[in-house]
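Trainee: Two chains, two frames, some hints: make the complex.
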Amino acid sequence: MKADVPPSGPPLVELKGISKRYGDLLANDEIDLSIEPGEIHALLGENGAGKSTLVKILYGVIEPSAGEIRWEGQPITIASPVEARSLGLGMVFQHFSLFDELSVAENIAVALSDDWSLSTVRDKLGEISRTYGLALDADRAVWTLSAGERQRIEIVRCLLQNPRLLILDEPTSVLTPQEAEHLFTTLDRLSEEGCSILYISHKLEEVRRLCRRATILRAGRVVATIDPRASSAREIAALMVGNAVGDIRTDAPHHPQGETLRVSNLSMTPAGLHGQALRDINLVARAGEVVGIAGVAGNGQSELFAALSGERLADHPESIAINGKLSGAMGIDARRRLGAAFVPEERLGHAAAPTHSLSENTLISHAATEVSRSGFILMNAARRVARSIVQGFDVRTPEGDPQARKLSGGNLQKFVIGREIIRRPKLIIVDQPTWGVDAGAARLIRQALVDLAREGSAVVVISQDLDELFEVADRMAVIHQGTLSPLRPIGEWTKEAVGLEMLGVAQAQGGAHAV
Amino acid sequence: MTTFEAILLTIVTASTPLLIAALGELVTERSGVLNLGVEGMMVMGAACSFAAAVTFDSTLIGVVAGMLAGALMAALFALLVLGFAANQTGSGLALTILGLGLSGLIGAPFVGARRDPVAPIDIPGLSDIPVIGRLFFEQDLFVYASIVLTILVGLYLMRTRSGLTLRSIGENHTSANALGLPVWRVRFWAILFGGACAGLAGAYLALVYTRFWSPGMTAGRGWIALALVVFAAWRPGWVLVGAYIFGAATVLQLHAQAAQFGVPSQVLSAVPYLATILALLLLSIRHGRAIGAPGSLGVPFVPDR
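Line by line, the protein sequences are chains S and W. The first sequence runs 16 to 530 under the numbering used here. The second sequence runs 22 to 326 under the numbering used here.
Chain W extracted, bound-state conformation (with noise of 0.2 Å):
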């Protein structure tokens, strides 16, 4: 394997975890709620699945506690602004520090602990094709499912009855009340989705990227899937190009760094950050219209009874 197939690798890797989590958050936004939890949740989800297959000896049993993890931190959520009609913004927040919090009690006895690497999938034949035969046909099974959740995702909001309910509830939660669509039942899965995907990415770090959990290990991913979300204009397509730019330019600065061109580190480590907003700029201005925010976004829903 060439040096530069292994970068492509490790971009891969760097980028799964957003893609899966910013997915999420997308569904949740469509559909009105803005849950800036989404960091809590992750490091939630990676605190719990590391703790889970560390003490069942099963990855399949850590990503499921990863998910619902992230799904129990995004209930408690789900009740805060559906409930009570909370502030969004103040909810989410405080879901963050609970999550940065909650996850450290509960990854302490398992800092130190190492789980082996997850095997990839390789697809006999294709994986042999030079170059790209092993960046899209050896990956582990996260890769392809993440890929594949971004199109369900985008079929499911643009092609399907439920989807298109879900969209009309986020651009309009008064009129979709009017007609008699359910609110709060579609925004509660839809919030149960993004914090079981926030859940996933969490496990993803933990028992394949990094494999060993630290106290706030996701370092701000959170933060970067929900910036994805915006700077992808809300459509899936694009959060998945929007990762993978963002993926690149985390692998490419670190090499950039060990390479020592004499730039100052922190400028390097800054270039990832600056490639997303400068990438996804540039798409968004060349698309034109129709990069609104949904109507709704944000907005406590309460109808008059």
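One chain only, chain S, in its complex shape (with noise of 0.2 Å):
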């Protein structure tokens, strides 16, 4: 398929062959991919597809271990960024590339050529953010800003160099659906004044509103390059995962009774030097439901977690009572006795030990189970339950009993939450579940998660995948740095809503989002 108008000049870039081989795994293998001058060209594939690999080969930062580059028709090699930047390419990391206690000037003029000094960074830096409107304070220091925010600096860090071909990794991944749409404007207007555009992503509906071409990889390889417009997304996710993606089963709930998690009235200060504040947090969530808590990242959700887990303890134990029992001065393993489990955010280093086998790590939250007693480890039923949730989660290891390193992150995510699931708590506490995992381990996390629920449990789920909370929430708040907002049923609330409680702007309007 074609983009809609016809180019008459030679691709602006062109990938053909490119393989990158890292051991044993063929990272990309063979890819074709060419870019027009002026187009937005969309780049999907699952996480650990070669995506990645691919888009830091075309910016120099990793070598290919085969194929060609073609700019402009002739062929090149591109062995730095340095070099990538001189002919005109420009990047958006996902995990932005910034540094935090440096300004936000300081930030842009790191990334230019010598002849840029600060002050014209400066004067540059309010000429861009007029003309594109990505308002942006130049002295303000980086850790001090939203996540939206921090993506500005890196477009116009971009911009500043006058690019020709734009790359932007699953940018909107820590965006609220407002600051996306003001970023797909921009997006828009680079791409009519010109700029060339490789957008990355997973989220079919943002590719389908921007692109005109899509190339999609799976396993290292381009297996289809559509109109995305053209398809549906079952059909394009179809091509991402190679098979069919089914939906998540949500029976209606029987009717949650009982409170098995009530929060009342919780603040909390700031741990630490760039942490949030809780402010008067209430929720409640009954057996049988499933409670969503929406948000744009360190709105509060890291401290929320750690208030409702124990990991910080309350200071008054009435806040928090989990199966009616006050359980705010409660550590976390008390609060496991009591019927509750806890999966945070980091998989590696805090939900498991890196460096210990499958095993060794279903000790840390069993403690009140069978793979102990009276202080000794019993190995055997240890390996036994690391089995269990390794069949039962379809948890692909490279061996039998391996060290949680080595699994990639979907695996290990699904390993982490089987082995809460498997105790049969009666509420859990997940703090995004399916962060950086592919379609499939996403959709049989998430399955469980309900599952778990729909059996009688208590299920928590912060998240800030909004497509997820409308997918597994029976009802939903939304956190704004600190404060959350009233528990809805899902039902009675839009994307638009939700996205004016994360701006905080919800309240001031006067109660906007009963919509």
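It should be emphasised that the hints constitute simulated quantities derived from the structure, not laboratory data. Even for Gly, the Cβ is constructed at its ideal location relative to N, Cα and C. Possibly wrong hints are sitting among the right ones.
Unchecked claim - On the chain S side, residues computed to face chain W include the following (Cβ under 7 Å): (1) Ser95; (2) Phe114; (3) Glu116; (4) Glu121; (5) Val125.
Mentor: Here it is in structure tokens:
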């Protein structure tokens, strides 16, 4: 399929037969890709499909094992990001390449060539901000900024170099819907001005909104190049995953009853220098329902999780009740013994010990079950538990009982979620259950959480992924700057209403969220 | 010259080597590398500078030899931590042990030799001002150089392009690499600069402060320089303040011991260390935020390629 306007000259950039091998793993296998001037081209694929490897090759961060790159028809090699930038490539990274303690202007200047002084950066920054509506304060330190503002720095950094091709790696994963829409407007405008854009994503809706051509990768290979507007989201998803992705089964909730978790007027000061305070949080999770908590990263989600799990104790024991017991002053293990289970956001290092085997990792949260007796570890029992998690949750392991760090992100996440669910907890609190996890694993995890709720447990899901919450949650609230909106049934929320709450404007507008 | 003036002069002499060594380490750490080998590089600087100065009867050659020795030790450290991405703590400790041993060997033939004092530079007119005149305007070249160096390091880090690059690399080497900044090259030169400064500090000890060589004569000053960098929150100006507080406490406790206050001498010997901690603690409390270490400090850099 073709772009709407047939190209006249050679494509701006053309990749031919690009391969990259890491040991036994072929991360990129003979990839062909071409981008026309002014085109917004999508690169779609699951985690681990080879998208990041490919753009790193294009940006000169890693070198390909084989293949050819042509720039306006001429074969070239891109040996470093500096060379890539001098060609006119700009890149907005998924995990921002910013320096927290430096100011906005310094962060921009450091990526530019030597003839940019800080004062010219400041002047140009003002100009670009006005032209593209990317407001930024030159002298703020980066750590004080929101994710959306940080991304603006990255984009402005690229725009200052007059790019011919802008690469964006999962740009909306940290943005509110409103911020994302703002970004799309900017990208449309750039494209009209003749700048090509390579847009990497696994969110189909936004690809259909922005792009006329999409190249789909699976397991390091190009499986198709399509017009995303001419295919349904389901067809594209099937191409990405390799088989049809089913929907989550969510039977109507049988009437949830009994308050498994009650949080009353919970307030907390921030733990660290850059932390967020919690303000007067009220929340009830009943047996049999999934409660979703939406919000942009850094608005108090980690703090709320720490308070609920007992990593930080509340000032008043009565602010948290689990199964009717006042547990605000109880530690994590005491709360587990009340039937609660917790899955923190960070899998490696927080939910699992990286250099310990899976069976040893079961001990972390299974202190009260069969894996230990009077202080001694029962290794056979631990291995048995690990094996049943691996089998029950489709965890793909490189060997029988590997170290946790040897599992891929998605498989480790399945393991840590499975480790909690297998205990049949009365209450489970999960922070970002499918962050950076491929579609297949995400579906399995969501289904497991929904199933657990249907069996009569209370499930609390804290997530930045709105689509996920709309899929699994029965009731939902939004956290913004440490304040939680009222919990409402999922049917009463619209994406716009959630977006307004995420920006904290809903209350200001007098309850515009009750759409 | 009154006793008071004499005390002030010795404070300056005691503070200068700390200041020079700490400035070098500060630059190294700002680039994200923790070099615990300051003591070893310093003592090598002392041994080599003294040996060279006696052999060629030249203070200048001595100083150059001291800086070269420090830089050479630093180059060895750089080979380990940059070339082989070795653990920086272990490599630094090994460097100190190596330096203490090797300097004993190099200095052995020169035990008992003495050098003449280095003539102070007298700025005519200004040095005649009572009390502060001699303190500020009749010092040896090293003292002036150390002050100038503090200013230059501050300007370099905060006001130059290259300094911004160095700070960025120290803050987050993964991001820096993704942007195409030369992580290894910048760190190599930063380590070498740290080594040369430690060597210069050692040379100052041997050629100006004591004017003789004895094994292990740095007596922990390298460690104090390291601590100063931390307490000074990686800021050159505060390193200057810290070095002088420590120098003052060192000298004053000697006088206090001589005056026989009836306090155990061990307690008095500990005073400089306590004073440094206390003063810099107060400074950092008042200053509030942003006293964090460089983000990538001590983390080996291994790019995916």
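Trainee: Now look at each hint and say whether the structure bears it out.
Mentor: A quick look at each hint next to the structure:
1. Here the hint on S:Ser95 is kept, as its CB sits about 5 Å from the closest CB of chain W, short of 7 Å.
2. Contact between S:Phe114 and chain W, as hinted, is supported at the beta carbon level, the nearest pair being about 4 Å apart and thus within 7 Å.
3. With a least beta-carbon distance of about 6 Å to chain W, the hint placing S:Glu116 at the interface is held under the 7 Å criterion.
4. The beta carbon of S:Glu121 is positioned within 7 Å of a beta carbon in chain W (closest approach about 6 Å), and the interface hint is therefore held.
5. Nearest Cβ of chain W to the Cβ of S:Val125: about 5 Å, under the 7 Å cut. The hint holds.
Checked against the numbered hints above, the structure breaks none of them.
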